[in-house]
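Engineer: Okay, here's what each chain looks like letter by letter:
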Amino acid sequence: MSKQEKEPLLSAKNIKLLREPLGSSNPITVQVLGICSALAVTVKLKPAIVMALSVVVVLAVSNVVISLLRKSVPQRIRIIVQLVVIATMVILVDEFLRAFAFDISKQLSVFVGLIITNCIIMGRLEAFALANKPWESFLDGLGNAAGYGWILIVVAFFREFLGSGTIMDYPVMEKLGLPTIGYENNGMMILPPMALITVGIIIWVQRSKNRDLIENN
Amino acid sequence: MKDFSNRYIFIFSVVMVAIVAALLSSAAMLLQPLQERNRVIEKKKNILASVRVEATKENAAELYEKVIESSMVLDKNGETVDNIDPFNIDLRAEQRKPLDQQNLPLFVAKPNDTLKVVIIPVEGRGLWGPIFGYISLEADMNTVYGVNFDHVSETPGLGAEINTSWFGEYFKGKKIFDGNRFVSIKVIKGGARDDDPHGVDAISGGTITSTGLEEMLYDCLVKYEKYFNKNRL
Numbered sequence: 033m034s035k036q037e038k039e040p041l042l043s044a045k046n047i048k049l050l051r052e053p054l055g056s057s058n059p060i061t062v063q064v065l066g067i068c069s070a071l072a073v074t075v076k077l078k079p080a081i082v083m084a085l086s087v088v089v090v091l092a093v094s095n096v097v098i099s100l101l102r103k104s105v106p107q108r109i110r111i112i113v114q115l116v117v118i119a120t121m122v123i124l125v126d127e128f129l130r131a132f133a134f135d136i137s138k139q140l141s142v143f144v145g146l147i148i149t150n151c152i153i154m155g156r157l158e159a160f161a162l163a164n165k166p167w168e169s170f171l172d173g174l175g176n177a178a179g180y181g182w183i184l185i186v187v188a189f190f191r192e193f194l195g196s197g198t199i200m201d202y203p204v205m206e207k208l209g210l211p212t213i214g215y216e217n218n219g220m221m222i223l224p225p226m227a228l229i230t231v232g233i234i235i236w237v238q239r240s241k242n243r244d245l246i247e248n249n
Numbered sequence: 004m005k006d007f008s009n010r011y012i013f014i015f016s017v018v019m020v021a022i023v024a025a026l027l028s029s030a031a032m033l034l035q036p037l038q039e040r041n042r043v044i045e046k047k048k049n050i051l052a053s054v055r056v057e058a059t060k061e062n063a064a065e066l067y068e069k070v071i072e073s074s075m076v077l078d079k080n081g082e083t084v085d086n087i088d089p090f091n092i093d094l095r096a097e098q099r100k101p102l103d104q105q106n107l108p109l110f111v112a113k114p115n116d117t118l119k120v121v122i123i124p125v126e127g128r129g130l131w132g133p134i135f136g137y138i139s140l141e142a143d144m145n146t147v148y149g150v151n152f153d154h155v156s157e158t159p160g161l162g163a164e165i166n167t168s169w170f171g172e173y174f175k176g177k178k179i180f181d182g183n184r185f186v187s188i189k190v191i192k193g194g195a196r197d198d199d200p201h202g203v204d205a206i207s208g209g210t211i212t213s214t215g216l217e218e219m220l221y222d223c224l225v226k227y228e229k230y231f232n233k234n235r236l
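Those protein sequences? They're chains Z and D, same order as listed.
Final position of the first sequence in the working numbering is 249; the numbers increase by one with none missing.
Final position of the second sequence in the working numbering is 236; the numbers increase by one with none missing.
Everything labelled a hint here was simulated from the structure, so no lab data went into it.
These numbers come from a predicted model, not from an experiment.
Check the hints yourself; a few may be wrong.
Stated by the list, open to error - Lysine to aspartate or glutamate pairs mimicking EDC-like chemistry, simulated, CA-CA at most 16 Å apart:
(1) D/K60 x Z/D135
(2) Z/K138 x D/E39
(3) D/K46 x D/E126
(4) Z/K103 x D/D6
(5) D/K100 x D/D116
(6) Z/K138 x D/E45
(7) Z/K138 x D/D153
(8) D/K48 x Z/D126
(9) D/K189 x D/E218
(10) D/K46 x Z/D135
Please work from the sequences and hints to get the whole structure.
Structural biologist: Here it is, written out as structure tokens:
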């Protein structure tokens, strides 16, 4: 080991691990994973941001834990081990939110618990952390969670802005005086289907810019 | 990844479960006092909001001491029941008991120097889950002074709007008695008439939550009817 040349912490390869999930291998827009929570928590910006941060913590730490255990986890029960690690992390995050950010935990209610079922997390553990070293796994976790998070935040921004006329609960439309000249909030933006359509538009924009992502049938 | 013996797998799982259990239970135990404190503060904030006193996380406990004058537990005949702490009554558990065994909490508040109001906690069912809140009545036990509602999982933008201040605004000044008859407050789809003393506008798109709220108010307030009649000024 000692004779092996040490790789710099942020080598080109490692930066790619961080950057790719933000764009060309984004978990939501390219792999289409984790859609369920993208629908549920994107009505308002604030819960979306907390959800994104929670997923960053859960995914980064779970990836490191699984990566550390990768040589001792028996092949036959690896899925269960992954689930136990994820569930533990999620419960810890939930308990911490309840103790230190009560208002937000009230808003997120069951969705924190549902991080357990977020396919992105198990997908990364199974596809990456089981075969890679802890540091790389950590970066991969950060990258993927951030890739998930920024989509969530963008979707939530448009849904809150157009659906409730606010940004971070600040009444933008009202301050602009739009309701007085007959502007009304689009109530449909609040309903889950519009999250799907917003994600669809992001996917459209992304693929029209990056044509490699378009599948050939 | 090599395959391990059954014995190894068994030991691995047992050790993993033990570690996880220890970790989670210690986290739960360490954080519990903080979580409990948050719950108490939240409850005090909600009670204060129903008498139009805005409290923050920091001053909720202090304001509660100042504004809430006394609290008591009543039975269905309006008599006080001793030795029960009204603040910690679990309303949903009470509602499952037969009526003559139910403990009905009531708080007396002085939101300003001249005014005395009673606060009644309410709890019922919305569309997706429980809805709950507090309603305060002026000394005539008839006029609504303020309300504060909240919910667990109503649809954001629709039923969830019951916890907004504009919805609470509708209730101010409404009457729960029509002459001597208890009528509670009706939530009216399509909007209540301006001069309707017992009706408020329903939330568009939140019909089931609105109806649930109306039922909650009726069911909870009717149990206090005897108390209201006895203590009316």
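Engineer: Which numbered conditions among the earlier hints are violated in the structure presented, ordered from lowest to highest?
Structural biologist: 5 and 8
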